[in-house]
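Visitor: From first to last, the protein sequence lines stand for chains Z and A.
Residue 76 in the numbering used here is what sits at position 76 of the first sequence, and the numbering runs on without skipping anything.
Count along the second sequence starting at 1, add 1000, and that's the number in the numbering used here.
No lab work stands behind these hints: they were computed from the structure.
Cβ coordinates follow ideal geometry from the N, Cα and C atoms, glycine included.
You may find that some hints are simply not true.
[Stated by the list, open to error] Keeping only pairs whose Cα atoms sit at most 25 Å apart, straight-line, the calculated SDA-like set for lysine to any residue is:
| id | chain 1 | residue 1 | chain 2 | residue 2 |
| --- | --- | --- | --- | --- |
| 1 | A | K1141 | A | V1156 |
| 2 | A | K1072 | Z | F52 |
| 3 | A | K1072 | Z | L11 |
[Claimed, not checked] So the derived label-pair ranges between C-beta atoms look like this:
| id | chain 1 | residue 1 | chain 2 | residue 2 | range |
| --- | --- | --- | --- | --- | --- |
| 4 | A | D1152 | Z | E3 | 45 to 55 Å |
| 5 | A | E1014 | Z | S150 | 23 to 33 Å |
| 6 | A | E1029 | Z | E3 | 14 to 24 Å |
| 7 | Z | V103 | A | L1098 | 50 to 60 Å |
| 8 | A | I1095 | Z | R13 | 27 to 37 Å |
| 9 | A | I1095 | Z | I138 | 19 to 29 Å |
| 10 | Z | L107 | A | R1102 | 43 to 53 Å |
| 11 | A | R1049 | Z | L107 | 32 to 42 Å |
Spelled out, the chains give:
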Amino acid sequence: MMETDALILTLSRDARAPAGRSALRTLLACVAGALAYCVVAVLAIEGARPDFVAAAPWVAMKAGVSLAFALGAIPLALRLARPGQGTGPWAAASLALFAFFLVVGSLALGFTGARGRIEALTGGSFPHSVIVIPTLAIPVAALLFLWLRSRAPTRLATAGAAVGALAGGLSAMAYALICPVDTVAFVVTWYPLAIAICAGLGAWAGSWALRW
Amino acid sequence: MGNVPARVRRLMNETSLHALLVKGLSGDERSYSAFLRQTAAHLRPYFRRRLFDGPDQAEDLVQEVLLAIHIKRATFDVGQPVSAWVYAIARFKLIDHLRRTRRRGVQVPIDDVSDLFADADAESGVVRRDIDRLLNQLPAKQRDSIRGVKIDDLSVREAAERGKLSESDVKVSIHRGMKALSRIIGRDQ
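Start from the sequences and build out the full structure, keeping to the hints where you can.
Guide: If you want it as structure tokens, here you go:
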């Protein structure tokens, strides 16, 4: 107990809280940088789709679906970065969004003629988005993990899932610029699924990479 | 983990602790050390109840959490209950500690081992006294035969030689003696 008293004495000489930037500002800076990286990487590797102007509504719809997940993940990550705060409504909101898109996808498939269904769902080949979006998200997630480690996450897997979903959402927004498949069923199935994969990988990595 | 058990919140005296921390973070060293001391006093029993590897480990963990609180003090939000904040960090460090020790295998300090033996000796002393008292209620022949074979670990022949009896005498004596013992024990209960 003597040692503990000595420790308390030492710590209390340095009582004042360090004046750092707010968690929200540093996170938004990371998000802006990450989005810029994703867009540059996607355009450098693949180039924007040639019919970009004509397909603008589709690009906007894909980016919007991705943005919805990113917007849910930001407050979730902020909460989980601070000890003693639960997920609030945001984890449930993200899951509800996921479920909503599943329903929309099923309805869209229902309205598609039986012959075109597979084509509408897969875009005619293997859906590359589930590979490209998580791959593109890896450096983003690494940056967000660094941000989280500068805070104090105490629920590592959940916090990892939140920033994984955020990284996936940002990556998917950029992927929308080059994604060639324009069907509702494709977008609301594979974009949320790709982001969910990112969240799952984030949860797995978070449980060991976020320890402090 | 916003849902701190009500009992934790009550025990931690939320209001005064919150005031001490807020004053401490604005640079008041005395408030801050009072906050840390009170927090340590809450953490100590919390960890002792949950750790089975001794008060030293609990104290190590108390220090680790105090240090974590200090390093991460910028993440405390004035608008949140301090008990929730401290409890989340303490719980996190406890789980981390349990994970680490489980992976490495539990470490037992040397002096704990001698404690263990001291206990065992004391206990077997008590048991021996009880057995002596029971055996003394038996006739000498039965008592010596049982002591020889069942306690001193002799063979029937050795016990017979020691008691100057025949081997079958020893066997019969043990048989009768054990019966008598179980009667005595049954009566006592």
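Visitor: Each of the hints needs a verdict: does it hold here or not?
Guide: Consistency of the hints with the structure:
Restraint check for K1141/A and V1156/A: the C-alpha separation of about 13 Å stays at or below 25 Å, so the hint holds. Distance check on the hinted pair: K1072/A and F52/Z sit about 47 Å apart at the alpha-carbon level, beyond 25 Å; violated. This hinted pair checks out: K1072/A and L11/Z have alpha carbons roughly 12 Å apart, not beyond 25 Å. Separated by about 51 Å at the C-beta atoms, D1152/A and E3/Z satisfy the suggested range of 45 to 55 Å.
The supplied range of 23 to 33 Å is met by E1014/A and S150/Z, whose beta-carbon atoms lie about 27 Å from each other. Here the CB-CB span from E1029/A to E3/Z is close to 19 Å, well matched to the stated 14 to 24 Å. Separation of V103/Z from L1098/A is about 42 Å and departs from the stated range, judged on CB atoms against 50 to 60 Å. Take I1095/A and R13/Z: their Cβ atoms lie about 30 Å apart, and the range 27 to 37 Å holds.
Between I1095/A and I138/Z the beta carbon distance is about 27 Å. The supplied range of 19 to 29 Å therefore holds. Restraint check, L107/Z to R1102/A: a C-beta distance of roughly 49 Å satisfies the suggested window 43 to 53 Å. For R1049/A and L107/Z, the hinted distance range of 32 to 42 Å is not satisfied, since their beta carbons lie about 54 Å from each other.
Hint violations for this structure: numbers 2, 7 and 11, all remaining hints satisfied.
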